[in-house]
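Number of protein chains: 2
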Amino acid sequence: MNARIILTQLGVLLMVLSGSILAIACWSGIQALMGAPGESLAFRALGYSAFTGAVLGLGLWLGSKKPTGAVGRKEALLLVAVSWLLAGALCALPYRLWAEFAAGQGDHDPAFGSYVNCYFEAMSGLTTTGATVLTDIASLPRSMLLWRSLTHWLGGLGIVVLFVAVLPMLGVGGKRLFKVEAPGPTSEGVKPRIQETARALWIIYLGLTFAEILLLWVFGLDLFESVCHTFATLATGGFSTRGGSVGEINSLSVDVVLIVFMVLAGINFGLYYAIWRGHWRNVWKDPELRAYLGFMAIASAVIVGFLWDDIIVTSAGQQAEPSFGSALRHGVFQVVSIQTTTGYCTANFDLWPFVPKAILLGLMFVGGCGGSTGGGIKVARIVIMAKVLWAEIERVFRPNVVRPIRMGKTTIDPELRQGVTVYVLIILIIFALGTFGLMVLERSAGLDITTAATACVATLNNIGPGLARVGAIENFGWFSDGSKILMSLLMALGRLEVYALLVLFVPTFWRGE
Amino acid sequence: MNARIILTQLGVLLMVLSGSILAIACWSGIQALMGAPGESLAFRALGYSAFTGAVLGLGLWLGSKKPTGAVGRKEALLLVAVSWLLAGALCALPYRLWAEFAAGQGDHDPAFGSYVNCYFEAMSGLTTTGATVLTDIASLPRSMLLWRSLTHWLGGLGIVVLFVAVLPMLGVGGKRLFKVEAPGPTSEGVKPRIQETARALWIIYLGLTFAEILLLWVFGLDLFESVCHTFATLATGGFSTRGGSVGEINSLSVDVVLIVFMVLAGINFGLYYAIWRGHWRNVWKDPELRAYLGFMAIASAVIVGFLWDDIIVTSAGQQAEPSFGSALRHGVFQVVSIQTTTGYCTANFDLWPFVPKAILLGLMFVGGCGGSTGGGIKVARIVIMAKVLWAEIERVFRPNVVRPIRMGKTTIDPELRQGVTVYVLIILIIFALGTFGLMVLERSAGLDITTAATACVATLNNIGPGLARVGAIENFGWFSDGSKILMSLLMALGRLEVYALLVLFVPTFWRGE
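So the protein sequences, as listed, match chains A and R.
Residue numbers for the first sequence, in my numbering: 14 to 526.
Residue numbers for the second sequence, in my numbering: 14 to 526.
Straight line, CA to CA, 27 Å or less: simulated DSS-like cross-link-like pairs of lysine-lysine:
1) A/Lys400 / R/Lys87
2) R/Lys400 / A/Lys87
3) A/Lys400 / A/Lys422
4) R/Lys400 / A/Lys400
The following label-pair restraints were derived from C-beta to C-beta distances:
5) R/Gly330 / A/Pro412: 51 to 57 Å
6) R/Thr424 / A/Gly291: 46 to 52 Å
7) R/Ser493 / A/Trp491: 34 to 40 Å
8) R/Ile498 / A/Pro412: 27 to 33 Å
9) A/Gly126 / R/Lys298: 57 to 63 Å
10) R/Trp289 / A/Gly459: 49 to 55 Å
11) R/Glu334 / A/Gly117: 53 to 59 Å
12) R/Val519 / A/Trp491: 47 to 53 Å
These are calculated hints, taken from the structure and not from any lab test.
By construction, the Cβ of each residue, glycine as well, lies at the ideal position given by its N, Cα and C atoms.
Just chain A, same shape as in the assembly (with noise of 0.2 Å):
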């Protein structure tokens, strides 16, 4: 193991978190200097926490300079994990010193008052989950506000590929870190020529950002809003700036701009890169893609049938009279948030029938494409796995027939067949041991099952809300410290999509090459 190595990234990856906190702060000195509420303080907490990360950082980036070898495959593994614990560990930095800052003003805040919910807001940011610890969202500072939305969109594409296209001292380490890091099984379209590659992923994540910010503006939202919707819609994140989500917002126009950003959002980003290269083909014959939209078609339907003649109430409390319209706008929403595992919401989806939360629920394990910034099992292993499930059960009955299965036309070998299968298994074991685990540390609270196993769910599959004590219009905030524990390392599992952190519980990783 080459711990050097991993020292000097692990400085430049917060010399970098350190450098995004700098620029909230500038802008929050800014708000402070106009009057804005709140933002002296918050100003105080950011900027020392940029300056304890930049410390921190070129501490580590000095002390381990000149490292010598390439990054291994086992250095990438580790530098994965623990830059995403460490990153959240940094990231919760200027929640915490702004509550202890507004404490010392007299002005106690529960929910930042420990550093274990911070951690969970930070975590639950950069791994684009959206779940909150927050009860009164809308009363905190804006640069607080804004800082939460880009935890998101650093964690969007991964804070690591961004530091692939932003800083290429990486090497010949960077290919595989990529492979590690990029989500989905596929990704088809994305060339070994990795720096290149990162780079026209920056440029096509900034392009969406503008983009859609630019909409969200013109089509009413403030543009501080429209920027933070923003960061959250393109990593499939979810954290809004009001309490009651999207649903406050209430604004046909923008639920449409935000639908249509999801569904781009949870779309492999190397079809993006594809098109970018004047492969128009690729896109539109992309196996995964049209079982994506097949998706989210077929549950809009069915869960717009059982809302069509119910009064639905949204996210922010209102009532809206049974109509097709009503149905339609918060039917789709809600699918689309959930199967990209944005988790935004405008209606409160608790109080909706069975079948559609049962329908929600399977969505929350499709999850968004591979290569998106979508969480979830992702499409292509649940295309792959069904064929796999069907290819099983025929061969029982013609064992000599061997028939190959494929996804558009590439074949899927043997090996990947395996690879799907037991990801599969090993979501379905770890959502039973993590919600096993939180029935446990609630034990004394008396919790239920569905509220455990929902917030699992939200949180290992990246969504965000769950059901009942977890639902659309709830918050994480009353759970024990040692859940919110286990559900920012259920959290970071999903998002790493397990293995980067389960080698490092396998002994062998541990012993010499």
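For this one, chain A is given, so just place chain R on it according to the hints.
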């Protein structure tokens, strides 16, 4: 598809079952002559049923006489599937007729008042599940209780295995039938000479039966109850003659005998065959057996630890003072009963703390050994799955190290690895769909998720009791007809290890070879 040969075999099946019903009818007749209450009605019901079955069977057999050709793979699969579904229909007949005759005398029995209920009870018997629709078991005539237990025993080693042993007319098709029928992924020791093996298994089964009857009788149970409980134990079924299950017998020595024989029934019968041939070493070194006993030991230890200072309520409603002895007795009994998928109860485990309940729920999925009468996923599959998962995690950082996965001395080839992970996934998917189905079917009754999920687990894995409203002292009588049909299907799916039924839904199954 060779339909004739299937019809012939079904005819034979019906005749054999009719013979069994006739045997009980004879016993019932003697009881009736001796003036036992309710037996004259039961005698009539059993007699008519045996006659009906025999006529139908003979008709099928004669109608399809002189079938030519061999039993192919598809025929074998279809025969297995139809055999179980049809056998359930015939085995339900005595219940229904008895209730009809009783109603004619003004004694309406709600449990067997509908054919769906009777079918559920019969399938529960034949699949060795042990879930019942009866609320007042003790009020049934003894011959009805004996018939109920006999369906377990017949189902136990598999009516089709019995077929192969008793009626060697299947010839070449026999091997394939056995392959489909024999539970579990490994049947090490069970050699291809199928008829000889099947005969040996049949004798072993019979030997265990006599041994257990004798022991239970020696330890104070009357002969009738000894026979009934033996039938249910060796089949890992779980029907009792008492409303309060085994807890109502309240005899430590009976509990111990049952524990021993439940453990024996959950072991691969191939190992008994190995002993029969003098291969003792195979038994001691069998990795599945070790894992099976290991799971039981660990689960028992944890549960006993939890129950030590709790008041234990028995399944008959009595309270036992907190003591190590009581915790050990009931803890071990429930662990063995649930893991072997028998489903007998001495304690109302629904009242236990969360962790013991969760462990029992986990054991429900594990089940017995392959090649035993137990249900569930099977220990061998769980062990192989764990090894495959571990290997896959290790492969992430060691992609080039190919380490063979072994089960004892046998190397698990990639095909079996894939087979095992796919099987577990299919079980989990059926579990999810089954739970969804029950929730939808019972939506007007407002079913809770714990009941729905554990009812699905308990039927799919052929256990019997679940938790909450299908808990240790509850029954399945209150479900709607739709749910009972669904659960009957789940029992058959679990018992036949899903494929024999699932293939019927694959279009290519029905097309020409």
